[in-house]
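> Produce the entire structure from the sequences given, and follow the hints as far as they go.
Quick mapping for you: the protein sequence lines, in order, are chains D and G.
The numbering used here applies: residue 1 is where the first sequence begins, and numbers increase by one.
The numbering used here applies: residue 161 is where the second sequence begins, and numbers increase by one.
There may be inaccurate statements among the hints.
Claimed, not checked - For lysine-lysine, the following BS3-like pairs were computed, each having C-alpha atoms within a straight-line distance of at most 25 Å: (1) D:Lys39 / D:Lys130; (2) G:Lys265 / D:Lys130; (3) D:Lys25 / G:Lys232; (4) G:Lys163 / G:Lys222; (5) D:Lys21 / G:Lys222; (6) G:Lys197 / G:Lys232; (7) G:Lys222 / G:Lys264; (8) D:Lys21 / G:Lys265; (9) D:Lys130 / D:Lys32; (10) G:Lys325 / G:Lys264; (11) G:Lys197 / D:Lys39; (12) G:Lys163 / D:Lys39; (13) D:Lys39 / G:Lys325; (14) G:Lys264 / D:Lys134; (15) G:Lys232 / G:Lys222; (16) D:Lys27 / G:Lys197; (17) G:Lys265 / G:Lys222; (18) D:Lys39 / G:Lys265; (19) G:Lys165 / D:Lys39; (20) D:Lys32 / D:Lys21; (21) D:Lys130 / G:Lys264; (22) G:Lys232 / G:Lys264; (23) D:Lys134 / G:Lys197; (24) G:Lys319 / G:Lys265; (25) G:Lys197 / D:Lys130; (26) D:Lys27 / D:Lys39; (27) D:Lys39 / D:Lys21; (28) G:Lys325 / D:Lys32; (29) G:Lys265 / D:Lys23; (30) G:Lys165 / D:Lys130; (31) D:Lys32 / G:Lys264; (32) D:Lys23 / D:Lys134; (33) G:Lys264 / G:Lys319; (34) D:Lys130 / G:Lys232; (35) D:Lys130 / G:Lys163; (36) G:Lys325 / G:Lys265; (37) G:Lys264 / D:Lys27.
What the hints assert, rightly or not - Chain D stretches covered by chain G per the calculated footprint, using a threshold of three residues with CB under 8 Å from any CB of chain G: (38) 26-38; (39) 52-64; (40) 67-73.
If you are wondering where the hints come from, they were derived from the structure by calculation, not from laboratory data.
Even for Gly, the Cβ is constructed at its ideal location relative to N, Cα and C.
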Amino acid sequence: MISGMVLYTIASIYLGISFIKDKHKTKTALLKSWDMFQKVLPDLLAIMLFIGLALSLLTPSLISSIIGENSGFLGIIYSTIIGSIALIPSFIVFPLGQTLVQNGAALPQVAVLMSTLMSVGLVTLNMEQKIFGKSFAYARNISSIIMSLLFALIIWVVMT
Amino acid sequence: MMKLKRYRFFFILLLGLLLIAFMNQAIAIKTVQLTGKSILDMLFLLPPIFILVGLLDQWVTKETLIRYMGEKSGIYGVFFTLLLATIAAGPLYIAFPIAILLLKKGASVRYIVFFLGAWSTVKLPVLLYEFTSFGLKFTLIHICFALAFYYLTGIIFEKMYSQQKLLNDNATMEI
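Encoded structure:
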């Protein structure tokens, strides 16, 4: 968790400078941080639990058998659907992708799965709609699905 | 009451976990371990990110942000957006409230879309991992293609959605 340490160091330095310059502003900033944290916490806990459930019910060998070397176009579709369920942070996605490849999943299928896992989320669509409005939220998710499919296509052509 | 209501999905899932625990303890234990670890990871990573965003909100004026992420920011916009999006860790939904804050401060729609796209593509802390487990070719295709794609998407979205419309549609935060 070196990245965490770097973030903590940067945050502490700025927080220190801010505190020396203006105590009142710093307090307002921290209250704002706390407010944002409180707002994402319910969704965060629910999503984390959802991912935990999904990862223990769908074992890597099960997923790999669905999107194996011979799964072809259908495998791409399955990957897109599974990947679009929830938004998962990249530090979980890449190790998961690696495990899947080791278990026999095909690279283009894993590529689309990883890409959609990081950028498309039906579970969080409700939250996203509240923030950006319905039209923008749908358009953003659709554009990410298109991006993921094109990315998988390139990987398919170039790397298999 | 309102606060508890926001946790309803969490409680529904918790109920599901309890049901699974009755049927298959091994799966339930694995779920608790996986969930516990990722929640701890998040609780560790989030405080500095939110502190930095809170400070950015207080110290960076609207004029400055427009210069770096506004409609006429050009190459600065691309660079500054990339820096903001790739340095932070965490899943994409953490970026939503940050994006709306930037939008309120005068960032253009193009860079907001690019910010969200870059956030879901490149994370400096995870980059090394992607490179070592999937190879240089895969990583370069992924990053270059995705960033180019989201930049173009940003240009298209800028024509479809105005800054004001997005802010009006925002139902969550009243800053």
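> Against the structure, test the hints numbered earlier, and report the numbers of the ones violated in rising order.
Failing hints, ascending: 3, 4, 6, 16, 23, 25, 27, 32, 34, 40.
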